[in-house]
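Visitor: Respectively, the protein sequence lines represent chains A and B. Under UniProt numbering, the first sequence has 159 at position 159, and the numbering climbs by one with no breaks. Under UniProt numbering, the second sequence has 112 at position 112, and the numbering climbs by one with no breaks.
None of these hints come from the bench; they were simulated from the model. No false leads were mixed into what you were given.
With a cut-off of at most 20 Å between alpha-carbon atoms, the simulated SDA-like pairs for lysine to any residue come out as follows:
hint : chain 1 : residue 1 : chain 2 : residue 2
1    : A       : Lys325    : B       : Leu292
2    : B       : Lys393    : B       : Asn380
3    : A       : Lys325    : B       : Gln301
4    : B       : Lys393    : B       : Arg293
5    : A       : Lys325    : B       : Thr297
6    : A       : Lys131    : A       : Leu169
7    : A       : Lys190    : B       : Pro298
8    : A       : Lys190    : A       : Ala208
9    : A       : Lys204    : A       : Met85
10   : A       : Lys131    : A       : Leu73
11   : A       : Lys325    : B       : Gly296
12   : A       : Lys204    : A       : Gly191
13   : A       : Lys190    : A       : Leu322
14   : A       : Lys325    : B       : Ile299
15   : A       : Lys325    : B       : Pro298
16   : A       : Lys190    : A       : Tyr207
17   : A       : Lys325    : A       : Glu194
18   : A       : Lys131    : A       : Pro231
19   : A       : Lys131    : A       : Arg163
20   : A       : Lys190    : B       : Gln301
21   : A       : Lys204    : A       : Leu90
22   : A       : Lys204    : A       : Gly186
23   : A       : Lys325    : A       : Ile315
24   : A       : Lys131    : A       : Asp158
25   : A       : Lys325    : B       : Arg295
26   : B       : Lys393    : B       : Ala286
27   : A       : Lys131    : A       : Gly168
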Amino acid sequence: MDEFNRILEQTLAEFIAPTTAAYAMAAIGLNLHFGYTGLLNMGQAGFMLLGAYGFGIATMAGLPFPVAILVALAAGTVFALILGMPTLQLRGDYLAIVTISAAEIIRWIGRSTWLQEWTGGASGLQGRDYKDSFHATSPLGDGRMALGPLEYINTGSDSWWTRIFAWGLVALVLLFVWLITRSPWGRVLKGIREDEDAVRALGKNVYAYKMQALVLGGAIGALGGVLYALPLAIAPDAMSRTMTFFVWTVMLLGGAATVFGPVLGSMVFFAAYMLMRTGMRAVADNTGIGDVITTSNVEQIGGMLVGVTLMLLVIFRPQGILGNKRELAFNAH
Amino acid sequence: MTADRPTRATVLRRTAAALAIALAPLAVATPLATAATGTGTSTGVATTTATGVPTTTTSDVATDCKPDDTTACVAAFVLTDENERIPDVAVTITGPDGFSAAFTTSSEVQAVAVPTSGQYTATIDPTTLPADQPLPEGAPAELEVTAQTGGVARAAFRVGADAAAPPAQSETSSAPADDGQEAATDAGDGVGAAPEGDASERSFSWGQVWQQIGSGLRFGLLLALASIGLNLIFGTTGLSNFAHGEQFALGGALGYLTINTMGMSIWLGGLLTIAVCALTGLAQDAGIWRPLRRRGTPIMQMMIVSIGLSIALQFFIQFLIGGGTERILTSNPRPWTLLGITLSAASWISMGVAVVCMVAVAWFLTRTRIGRATRAVSDNPALAAATGIDPDKIVRIVWVVATGFAALAGLMWGISFGAVNWQLGVQLLLLMFAAVTLGGLGTAFGALVGSILIGLVVELSNLFIQSDLRYASALVILILVLLFRPQGILGRRERIG
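Bound-form chain A, shown alone:
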């Protein structure tokens, strides 16, 4: 029974975990790309990694916390401009191929010995090197706080302040995205998703609108990277293709082209993922199955189930939990 309570508690904790907020933020950016504009960005992890590096390196260079956040946003913006220029005039799959490749280039450069002085090479940047300025912004002070079964320290890596800051930022960005997508600008984006040529016929510069959407979504993705780095360390190998695909699963699960879809998707995804893995581990530890399936197998089976979930989701419920079937970016081209 204790074990059962522990599993439920861990699952509940995932709903408000800072990592969940980071993925929600990245999915909001991706939603602006794919859900609203129909752009296939397969390199969101690259934007996140760049954001994390930008934030971490800027902080280590002595810049104050808000400026470091701006550096992260600028890194995402520049990356989006570089990727968008060659590809946004071509068919959708070219953007997909270039973004997935560029995200890997960022990771390889990050983990290479070439820039080791700045990026820490394959082992990445340690959390204690860049977190002090963030912890200094905390108004909560020291000590611990409990809310129901969830208890964390007030200030620190895995703390209430990290959670409040992350979800507060998600709420702000959500409000921003809600406002811009219901503006005339947002309607042009949806028009591009539905029929690019029709929008072009109305005299709109489709390329410029796509670029703006790519830059905005990329900057939000970079912000997601900052949130991801705040409770953890910056490790290039943790932010690779798998992360991009998890962000896609999160977005499609919640519902593309909806405002709350990415947030709901992230919460449901990580709670279910945690429930599944802790559940399997408990089964493996306490029954005879443990002889066949080891703990590291649990991770692998979990990963396989994520892949299968993504396939089933796209085939049978492409609109996700909240989406509207008529408003699907898949039908675009």
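Put chain B on the given structure of chain A with help from the hints.
Guide: Here is chain B on its own, set in the frame of chain A:
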């Protein structure tokens, strides 16, 4: 056949032009090939002391070992908790057959050549550590590493007050995946035999260029074998199959299981691997792709389904072979030198098999009824169906051929580069995309030309940039191609819009 189809003469001319471009670097380097005399042999000579008594002060062995197909290196260094290398620590490497070599560390990576693959033990003398950087309590002063030809086995000792337990690590050992994220396995230089260190540290020679061209051709031919399938699938169904890299890795992984773990002969295990992988292609088409085509699913949706499949397959491969890097053949590769290029015998045979397969594909596509039907379906499926071709049948054949060739390429890759790991698929998928985009999306011969060019670029860039960035050069080419000639070398303009 539609009117915009290029005539045979145009195709021939384009192919010739593309081949000329591909062979241009060869023409430059050929006259200099005479200067190349076995540059692939070992560069570092290990002094073997019979007793294994560590010599603590002098560096009495060559510590500039560069791995290649016939050389295995063992490197040892001592890191502070800030990842800085500590100089002047005495290290002894001991191994099978009484091998022993002693040297002192410096701020550079020190690597010694070892005679055979196998288990080596690196031992540091704790008394030679700086006083303020002691070995943490309970940390071993000895590390076991597995040396393999074509790679550097690194023994990293961690010292200092903050060193966390376990403080010592061996980087070639397997690292399990953590929390569904990719663990810090050796991804950047996980495949292939990469020369270690900075390009500026190595002396440049034309012999080396010639050797790299040989490696580049090997790389390119194996890449071509894999990417032809990707391009055929794209041509006939319009799908950019993101799971194709995993099909490649699956070939290597099943090859490891059948040949290494189960001990089958290389031919039996290889055939079984290819058959199983080709069956996965058949099953995929019957179970996933044909029903989706029947439903009229948009191509973008199918692409994301293929991404889901690639995640599932990637973790499945990890489930099969674990998180580490494995080798298919346990014996040491035999070096063969042809025309001044030294590669392993397995590599030469793989290249031969790849060439034969490529010729077979070309013959199949241009001379047989089904091959012509395949090209007709790539051109215009509706028109092909109207002339009595069954597109579903053609697509089924294409899936089987594509997955079979991907498996064969993965298997031969694993054998000739001596390393299979679960991340192989990701790395190769990106290079395959670069190759087919460069050659022309949807054109079977474009995949060949693009792959060979990418192979040459990747291996030759080794001479100028750091080896852990060599794949990045291929992807930079991809972006440049999209900027200046998005249809690729052999592609047609109307496909890109």
